[in-house]
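Chains as they are written, first to last, in our numbering: chain A, 1 to 373; chain B, 1 to 275; chain C, 1 to 703.
It is worth saying that the hints were derived from the structure and are not from the lab. What you are looking at is a predicted structure, and each value in this text was computed from that prediction instead of being measured. Among the hints, a few may not be true.
Below, in silico cross-link-like pairs of lysine to aspartate or glutamate (EDC-like), each with a Cα-Cα straight-line distance of 16 Å or less [what the hints assert, rightly or not]:
{"#": "1", "chain 1": "A", "residue 1": "K86", "chain 2": "B", "residue 2": "D169"}
{"#": "2", "chain 1": "B", "residue 1": "K38", "chain 2": "C", "residue 2": "E536"}
{"#": "3", "chain 1": "A", "residue 1": "K344", "chain 2": "A", "residue 2": "E271"}
{"#": "4", "chain 1": "A", "residue 1": "K77", "chain 2": "B", "residue 2": "E174"}
{"#": "5", "chain 1": "A", "residue 1": "K86", "chain 2": "B", "residue 2": "D39"}
{"#": "6", "chain 1": "A", "residue 1": "K330", "chain 2": "A", "residue 2": "D281"}
{"#": "7", "chain 1": "C", "residue 1": "K688", "chain 2": "A", "residue 2": "D17"}
{"#": "8", "chain 1": "B", "residue 1": "K88", "chain 2": "A", "residue 2": "E271"}
{"#": "9", "chain 1": "C", "residue 1": "K365", "chain 2": "B", "residue 2": "E174"}
{"#": "10", "chain 1": "C", "residue 1": "K688", "chain 2": "A", "residue 2": "E111"}
Below are the chains, spelled out letter by letter.
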Amino acid sequence: MNEKKIIELKGVSKSFDGELILDNIDLKIYEKEFMTLLGPSGCGKTTTLRIIAGFVTPDCGELLFDGEKINDVPPYKRSVNTVFQKYALFPHLNVYENIAFALRLKKTPEEEIYERVEEMLTMVNLRGFEKRDVNLLSGGQQQRVAIARALINKPRVLLLDEPLGALDLKLRKDMQNELKNIQRKTGITFIYVTHDQEEALSMSDTVVVMANGKIQQIGSPTDIYNEPENAFVADFIGESNIIDGVMLDDFKVRFSGHEFVCLDKGFGKSEPVDVVVRPEDVDVVPVEKGMLSGIVDSVTFKGVHYEIIVTINKFKWMIQSTDYVAPGQKIGIYVEPDAIHIMKKSEFSGMFGDYSSFSDELEHLSDVTEEEE
Amino acid sequence: MNKKSLIQKAAASPHIVWSVLFIVAPLIFVMYYAFTDKDGNFTFGNFTELFQASYLEIFMRSVCFAFLATVICLVIAYPIAYFISRAKPKTQKILIMLIMLPMWMNFLIRTYSWMALMEDTGIINSFLGIFGIEPIHMINTAGAVIVGMVYNYLPYMIIPIHSVLSKVDGRLLEAAADLGSNPLTVITKVVFPLSIPGIISGITMVFVPSISTFYISQKLGGGNFDLIGDTIERQFQTAYNYNLGASMSFVLMLLIIISMTIMNKYADDDGGVII
Amino acid sequence: MKKSNKIYTALIFVFLYLPIAVLILFSFNSSNSTNSFAGFSLKWYKELFSDGATLLALRNTLLLAILSSVIATVIGTLAAYGIHHMKNKHIKNTVLTVNNIPMMNPEIVVGISMMLLFVFVGRLINSSTTLGFGTVLIAHVTFNIPYVVLSVMPKFKQMDRHLPEAALDLGCTPFQSFYKVEMPQIISGIISGFIMAFTLSIDDFIISYFTIGSGFETLPIRIYSMTKKRVTPDMYALSALIFLSILILLLISNFTGNSSGVKEKKPVTLKQKKRRRIVFAATFALIAIITGAVLISTATTETVVVNVYNWGEYISDGSDGSFDSNKAFEDYYSKVLSEERGHKVKVQVNYTTYTSNEDLYAKIKSGVGGYDVIVPSDYMVERLINEGLVQPLDLNNIPNYKYIKDDFKKPFYDNGEETYSVMYTYGIVGIIYNTEYVDEEDIGGWDLLWNEKYSGHILQFNNARDAFGSAMYKEGINVNTATEVEWRNALNELKKQKPLVQSYVMDEVYNKLESEEAWIGAYYAGDALSMIYNNENLAFYYPKNSDGEFATNIFADAMCIPTGVSEENKKHAEAYINFMLSEEPAIANAEYIYYGCPNTLVTENPDYIEYLGEDYDVIYDSDIEDNIDTLFSEYAYRNLPTDKLALLNRLWEELKVDSSSFNGGIYIVSGVIALGIVGFIVFCYVRKVRRRRLYWNTTPKTK
């Protein structure tokens with residue numbers, strides 16, 4: 001990875017109507033990087049993006065581009081382009097004119113415009129669509145036009161604000177690959193905003209997890225998944241059982257009334273901690289061989305595996321296993337030391353309970369409504 | 001289901017009957033009178049009479065006055081509609097309400113009030129007199145008539161433009177800025193083209209009443225600037241020449257239908273000719 | 001908003017509200033001037049609430065607006081429902097196109113087209129009272145429906161078409177499904193359509209103007225007839241009150257209702273829903289009660305209606321505590337009839353006004369005005385008699401006729417066997433001038449109106465006969481026997497005069513001369529005296545010809561009954577005429593009008609003579625009184641033969657449309673702007689084509 005910083009946010013804060021949306025954000029973005037801002041709605045990721053694009057001026061802090069402060073540079077003078085949520089294509093222009101928009105403003109000669117538009121259309125696989133009315137295109141096609149339109153200016157940085165949010169699952173996967181390819185081909189820095197953790201993990205070089213206007217963790221997708229910084233990150237990225245525990249000593253933790261060996265150290269003696277165990281890292285074993293045991297509440301077939309909810313010491317664990325167990329059955333579980341991840345207590349501790357109620361869908365619904373604003 | 005579809009079919013019938021009786025039939029009468037003489041014989045005489053230089057000039061004058069009033073309305077209304085559409089929703093609502101409020105006042109009395117304002121010894125000139133400025137002659141001029149039209153029909157221009165502009169997705173403006181438009185080109189390349197439907201309906205709503213008005217020109221023009229409306233009114237209310245009046249109305253109607261067709265043709269195109 | 005934008009917005013609001021501010025300010029004026037503020041007073045508000053005619057007009061306007069918008073809402077909503085479900089595209093489009101006609105058509109065309117229909121139907125069924133409340137109501141409903149349809153239609157379009165199906169599926173009958181499921185979806189469209197219809201109806205002037213007849217006057221029509229002469233500040237007071245109440249209404253609806261209305265719709269709680277429902281129910285109930293009350297109050301007691309069509313400000317109307325002649329007649333005649341018939345009879349005088357004989361003629365000729373008593377001038381009486389448009393009076397029913405001076409009983413215009421008219425007033429046209437601006441040496445004749453020294457300050461009659469008359473008296477042409485050449489000469493004089501004329505007016509002379517906006521104008525002696533009373537700089541003379549003889553118009557206005565009036569109504573009309581000849585109303589009217597009165601009960605009344613004071617000798621100038629016969633035969637207008645009438649109309653048209661002042665500037669400016677716009681469009685089009693050339697045909701259209 002090229003290590004040249006292209007954009008840097010230093011102590012950036014922003015509030016709207018007295019409500020703090022961004023709280024002292026520090027962020028460095030490097031050249032040719034594919035960076036994703038990930039978080040639930042209202043976490044400030046879109047505001048961060050809009051600050052970089054120039055639509056929002058931070059209340060305090062600095063925004064540096066190539067080391068120069070650009071807080072007060074209007075959007076049209078920044079070499080940053082945006083692919084908008086729901087695309088924001090100009091409804092009065094056809095595909096060709098939409099893509100040519102930026103070049104026309106620069107009074108580029110017609111022949112050059114033609115060449116570059118065709119080049120862009122080729123890149124996004126839309127040759128032959130020049131004359132089409134953008135309002136009659138499918139979501140995926142509109143998406144491609146939006147990307148072509150933003151890239152024709154050859155920006156240093158491309159900002160993408162939930163660009164795939166409106167597409168169906170299949171199309172989404174295709175577009176993810178395509179976007180990644182375009183990024184590789186063009187070598188442009190992408191800053192990508194999404195609330196979909198899977199998307200973030202599969203596409204990014206760097207993931208920035210945000211919540212409550214703060215950055216919770218910056219790291220590579222694997223780091224973020226394997227070494228979540230706090231309960232929020234652990235819960236937001238993938239499924240996890242987050243259990244209250246006490247660090248007994250280095251490499252020794254106690255939770256659910258049992259002592260476990262782990263790979264973490266550097267905590268204080270008897271320090272309360274959050275313990276993360278991913279459902280796929282839990283093995284189902286006969287009761288007598290288990291480190292813990294409990295009664296199976298429910299079993300759901302998920303195709304690749306069964307999702308088993310087990311009550312252990314009044315805490316409902318989620319376990320993913322390829323073996324079927326019957327509800328009501330008593331089972332033991334076994335956890336390898338490297339499957340246990342210890343986190344310091346944080347403001348999010350205790351907010352993410354066990355799997356006693358399944359809240360995925362509800363969360364998703366609240367996402368949708370808040371996105372509308 | 002049958003019962004329902006019967007209801008559906010019957011629901012529009014009072015309206016259709018009403019339309020035939022009170023919209024279509026009256027227009028047939030206009031045509032009848034336009035193409036007959038006083039004794040009810042078929043004739044083109046009414047139209048040939050209209051081709052006198054003096055009537056032609058009235059038509060010319062009406063078209064010019066209405067055209068200028070429309071252009072001025074558009075020039076004045078567009079910026080204010082734009083400013084309002086960029087304000088907070090609540091402010092927008094209040095400002096639009098304030099723009100519509102004068103329309104609730106009787107237009108005759110508002111026009112009459114302009115007379116008091118613009119007379120040589122009127123309020124504006126008395127006010128200027130305080131500063132030692134010579135009275136400006138305003139009333140009974142073409143300018144006064146046009147001011148009257150602009151005043152009366154300005155809200156009809158502001159409101160449709162505003163309603164289109166307020167629906168323009170703010171992201172489109174951001175997208176334009178993002179792609180390198182400065183605030184001016186954002187307006188010329190994105191806002192203006194998108195607001196063309198509003199402009200068209202505004203133009204219609206100002207041009208049609210302006211070209212056919214008969215009160216404003218009488219009051220503010222002192223009877224020196226007869227417009228089509230005045231002439232038609234005279235045929236029906238004093239000269240008792242229904243035939244000539246009907247033929248004038250007929251021509252006026254044609255004039256409007258033709259200009260509307262042209263306008264709408266290029267509005268349908270999504271303002272396509274321009275962009 | 002930026003500062004400059006704010007300033008711009010503020011300027012526009014100043015422009016929009018300036019006339020309204022003026023209007024509110026002058027509603028508190030202590031004098032009746034509408035352009036100079038004399039002092040603060042509330043007297044016009046007081047006046048307003050004692051002005052029965054205005055309040056009646058206000059009531060009529062509200063009634064008309066409520067009825068027409070309710071009917072239009074019902075028809076329009078049904079229509080929107082029906083049109084939405086139409087399967088045949090062609091029929092649907094046709095219906096929608098026809099629906100749009102009243103909106104796209106200029107109002108004046110809508111107005112005259114309906115008028116032509118009503119006149120035709122009126123003649124067909126041989127009714128003289130076709131024009132009236134019914135026709136205005138039909139006209140209003142007609143132009144209201146399209147707005148309702150257009151605001152309800154989109155709601156049907158937005159509605160999920162499965163909704164009614166879901167309702168049917170869950171067991172609703174079609175009616176229930178409409179009422180319980182579809183209705184709530186479209187109610188907002190219905191309400192906004194209703195409000196729009198109501199607003200349009202309240203404010204409509206043009207369409208009402210052409211479709212209204214006797215016996216029904218809306219507020220805009222009343223204001224119109226007022227602005228033709230002098231708008232009294234009580235109209236300003238009324239407008240100020242209307243403005244204020246609308247402002248308050250809007251503020252209430254804006255700040256209490258759902259203040260978040262513009263943003264997203266928040267879920268409505270049941271309680272709110274209930275409250276809204278109550279508000280709706282209350283509003284509709286209120287409307288229903290008002291309508292009902294008005295209808296019942298007009299329907300229960302037997303009512304005799306007398307429709308009077310008179311000149312503006314031509315009857316003592318109760319203002320400033322004076323005698324209200326119409327009211328007095330209503331009371332008196334109601335008593336008479338009630339006694340006669342043995343039960344309560346209400347008498348109602350519908351009093352409407354016109355500003356020229358020609359206006360009156362157009363209404364009478366159309367035959368559908370429904371007027372019972374009219375007051376045309378001499379030559380018009382003659383014409384109406386000749387054309388059989390008025391009927392002979394039964395003098396037995398008008399015993400007070402005996403009080404008319406003998407000289408005036410058989411005037412030239414009505415000296416046949418039958419008596420068709422009873423003289424109401426008479427007078428002489430004189431010239432009023434402002435002594436501040438007009439030199440004494442210039443006065444004396446009609447040529448003052450042609451004096452270039454006073455260009456831009458001269459008023460001319462806005463009526464063919466009087467305007468031509470002035471030119472003829474000036475040129476020494478006989479106004480009644482002029483040849484075509486002489487008529488043309490007169491026209492040339494008027495064309496010569498046109499650039500000097502400030503405006504062509506009738507009753508507006510009062511305001512224009514009193515405010516010194518204009519300096520010279522010809523008008524009737526009595527009016528001149530009341531103008532002098534209001535502005536001492538004004539003076540007045542009877543114009544003379546070069547031989548030093550009177551050369552001016554003498555006129556008489558007389559009460560007549562049009563032909564269409566039924567036997568029954570004619571009796572009432574005659575009772576009205578008789579009442580106006582009795583002492584009290586006759587004196588009150590004479591004092592109010594300030595013209596000569598042919599009634600001996602008046603002229604011999606010492607109080608009246610005292611009231612006139614010096615003016616008595618001007619109005620009843622002994623030179624004139626002694627020679628009344630000769631004056632009438634020499635200088636009064638006679639009815640012209642048809643060919644001359646047609647000529648007069650044609651020449652008048654020619655004068656009116658003649659543009660002596662060529663508005664070159666206007667044409668050049670419009671031309672340049674139009675060229676600019678066309679040029680711009682062409683430029684854009686060419687650019688677009690050029691741009692497209694590169695890609696438009698080169699790439700194959702592939703999917």
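So, against the hints stated earlier in the document, which numbers end up violated here? Failing hints, ascending: 2, 5, 6, 7, 8, 9.
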